[in-house]
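All chains should be modelled from the sequences, with the hints used to inform the complete structure.
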Amino acid sequence: MGDHFEIAVPSRASHLGVVRAFFRALCEECPGFRLEEREVTEIQLVLQEACINVIRHAHAERPDLPMRIRITIDRGTIVLEVHDRGRGFDPDAVPEPEAAALQEGGYGVFIMKSTMDSVEAVHTGDGFVLRMTKLRVPARREVTSG
Amino acid sequence: MGDHFEIAVPSRASHLGVVRAFFRALCEECPGFRLEEREVTEIQLVLQEACINVIRHAHAERPDLPMRIRITIDRGTIVLEVHDRGRGFDPDAVPEPEAAALQEGGYGVFIMKSTMDSVEAVHTGDGFVLRMTKLRVPARREVTSG
Amino acid sequence: MKQRTEADREVAVLHPEGRLAGEGAAALRKEAREVLGSGRHVVLDLAGVKFTDSEGLSALVSLYRTAMENSKAVALCSLPRNLRSLLELTRLHRVFDIYENEALAVSAIRAGSAG
Amino acid sequence: MKQRTEADREVAVLHPEGRLAGEGAAALRKEAREVLGSGRHVVLDLAGVKFTDSEGLSALVSLYRTAMENSKAVALCSLPRNLRSLLELTRLHRVFDIYENEALAVSAIRAGSAG
Ligand SMILES: Nc1ncnc2c1ncn2[C@@H]1O[C@H](COP(=O)(O)OP(=O)(O)O)[C@@H](O)[C@H]1O
Ligand SMILES: Nc1ncnc2c1ncn2[C@@H]1O[C@H](COP(=O)(O)OP(=O)(O)O)[C@@H](O)[C@H]1O
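Chains as they are written, first to last, in the working numbering: chain X, 1 to 146; chain F, 147 to 292; chain U, 293 to 407; chain H, 408 to 522.
Any given hint could be a false lead.
Dumping the calculated SDA-like pairs for lysine to any residue here, alpha-carbon to alpha-carbon at most 25 Å [what the hints assert, rightly or not]:
| hint | chain 1 | residue 1 | chain 2 | residue 2 |
| --- | --- | --- | --- | --- |
| 1 | X | Lys134 | X | Cys27 |
| 2 | U | Lys342 | F | Ser260 |
| 3 | H | Lys437 | X | Gln103 |
| 4 | H | Lys437 | X | Lys134 |
| 5 | X | Lys134 | X | Ser118 |
| 6 | X | Lys134 | F | Ala154 |
Quick list of simulated restraints, FRET-style, between CB atoms [what the hints assert, rightly or not]:
| hint | chain 1 | residue 1 | chain 2 | residue 2 | range |
| --- | --- | --- | --- | --- | --- |
| 7 | H | Ser445 | X | Gly2 | 52 to 62 Å |
| 8 | X | Ala121 | F | Pro177 | 25 to 35 Å |
| 9 | X | Glu36 | F | Ser260 | 42 to 52 Å |
| 10 | H | Gly446 | X | Pro91 | 40 to 50 Å |
| 11 | H | Arg498 | X | Arg62 | 31 to 41 Å |
| 12 | F | Ala239 | U | Glu315 | 28 to 38 Å |
Quick caveat, the hints were computed from the structure, so don't treat them as lab data. Glycine included, C-beta positions come from ideal geometry on N, C-alpha and C.
Put into structure tokens, the structure is as follows:
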């Protein structure tokens, strides 16, 4: 359950600012969408990484296709779903980056997996959804104190 | 043609702020989305009126349903499409408000029709779209000077 | 509603701020009803209003009606450009007494020529 | 890149500001390549960085590689909290020499202990 918030913009790096502003607006304007500062920062980063990947991998040749982001929030969880029209990938098969090898790429999926509690690949009729879930801090506290 | 930008949020007055912030972000962050100050103000008002109507009329009993706003912009036009799951209405059949009668309601559709160059009703499989088009100021200038 | 000042015992000046829409419009209705209920005329100084929508217009009309019912006067002043345009668009500028500034509005009400 | 200052003839200090992502990351790459190409060591004062993403990390790693290729040293300093967390998460904090402030970073490079 929980309320759904969605945004779709063309798959261009120049539109990442709108995605960020949308999320910031949700945090500032929506009652019931009160996140802790740390959660806001983390989710911003995860959204950024997921969108960069849509731009670079899924829609590289079709920047006019929309990247579609859906955020579902309730007291216990935040679910981020990033939809593209590409062939998708298996996040579990992406290796951890090796810092010592001075890798310049390959940090995005690792950041998403480290930040979120789960990262799942969902293949849909018209493309691919990366669904990421995070348990919310207050919910954790409730569990601990209950 | 032109780029599409979409947002969908639950049909609650408390979410109008997110719609406004989204549009403001488009204006501020998106290259190619440069509107004149007057256009920004006008479009903000039209979006506000259209959303209020979805909240009050189309989804009055189902605030959890999304109001879906799609903005398509190119050099010549701005198209606003506001989608709801209600039965729709005929904007041409809405009478002009009579100020002298001290009407307290009935200004929204009039404002939209006065501000935009066209306001059309589109009935879709799953609801209703109010499609509003405005010719852009720069485009008009080009026509005049060409 | 950020401020209410009293021009004198007979006239109260309201200074709505921010958005004359949604909650801002509801707040104005409430505030205006209180003032009119207490038997004073109202000057609405709108300089601080950043945005007005149809709910804001509706609040203005409602205020006007309540004033008439209470045999009180209402005057608007210091209209931001957008709001003036919106009143003109809807022809409500012919319903309201509108002044450039608060002083003019207050003295018009005192002189009994407003509302 | 808002500023570049020279600690001395051998060490340049870069002060990237804002977002170390997208264009900000590209700007850092460019600036760092210029400085390293001119034969100086680099101190990167990151106090003004508000947000870093994987492209920002990538720019930092690239800077480090270019420095190694040029036999120059790189030191980072004044890391905002988020950036420090991100470096720790990706283990890149073990690749870079990181100092609390610019003075410490500059003197470490002068002493030949960084990079
Ligand atoms: N939306 C996507 N569609 C298809 N492939 C993707 C998508 N996102 C990530 N990938 C794949 O996962 C890999 C790892 O991504 P990431 O960790 O972000 O590093 P990088 O993008 O630098 O390669 C990518 O190289 C790509 O093959
Ligand atoms: N999205 C909508 N779905 C169904 N009916 C609508 C919608 N928008 C407007 N209407 C109809 O048009 C009428 C006029 O709307 P408007 O001018 O905004 O004034 P008001 O909302 O104050 O009645 C409404 O009363 C309603 O019957």
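* **Outcome of range test on Cβ distance (Ser445 (chain H), Gly2 (chain X); 52 to 62 Å)** => Since the Cβ atoms of Ser445 (chain H) and Gly2 (chain X) sit about 55 Å apart, the hinted range of 52 to 62 Å holds.
* Asked: So the hint says 42 to 52 Å: do the beta-carbon atoms of Glu36 (chain X) and Ser260 (chain F) match that?
  -> holds, 45 Å
* Asked: Is it true that Arg498 (chain H) and Arg62 (chain X) lie within 31 to 41 Å of each other by Cβ?
  -> holds, 35 Å
* **Satisfaction of hint between Ser260 (chain F) and Lys342 (chain U), Cα-Cα up to 25 Å** => Distance ~21 Å between Lys342 (chain U) and Ser260 (chain F) Cα, so the pair holds.
* Asked: Would the pair Lys437 (chain H) and Lys134 (chain X) pass a check requiring their Cα atoms to be no farther apart than 25 Å?
  -> Violated, at about 36 Å.
* Asked: Has the given pair, Lys134 (chain X) with Ser118 (chain X), been kept, meaning a C-alpha gap of at most 25 Å?
  -> Given pair Lys134 (chain X), Ser118 (chain X) holds - Cα atoms ~7 Å apart, limit 25 Å.
* CB of Gly446 (chain H) to CB of Pro91 (chain X), is that within 40 to 50 Å? -> holds, 43 Å
* Going straight from one Cα to the other, do Lys437 (chain H) and Gln103 (chain X) come out at no more than 25 Å? -> Within the cut-off at roughly 19 Å; holds.
* So does Ala121 (chain X) sit 25 to 35 Å from Pro177 (chain F), Cβ to Cβ? -> holds, 32 Å
* Lying within 28 to 38 Å: is that true of the beta-carbon distance Ala239 (chain F) to Glu315 (chain U)? -> Given about 31 Å between the Cβ atoms, the range holds.
* Asked: Are the Cα positions of Lys134 (chain X) and Cys27 (chain X) separated by 25 Å at most?
  -> Within the cut-off at roughly 16 Å; holds.
* Within a Cα-Cα threshold of 25 Å, do Lys134 (chain X) and Ala154 (chain F) meet the stated pairing? -> Holds. Lys134 (chain X) to Ala154 (chain F) sits at ~22 Å (cutoff 25 Å).
The structure fails hint 4 only (numbered hints given earlier).
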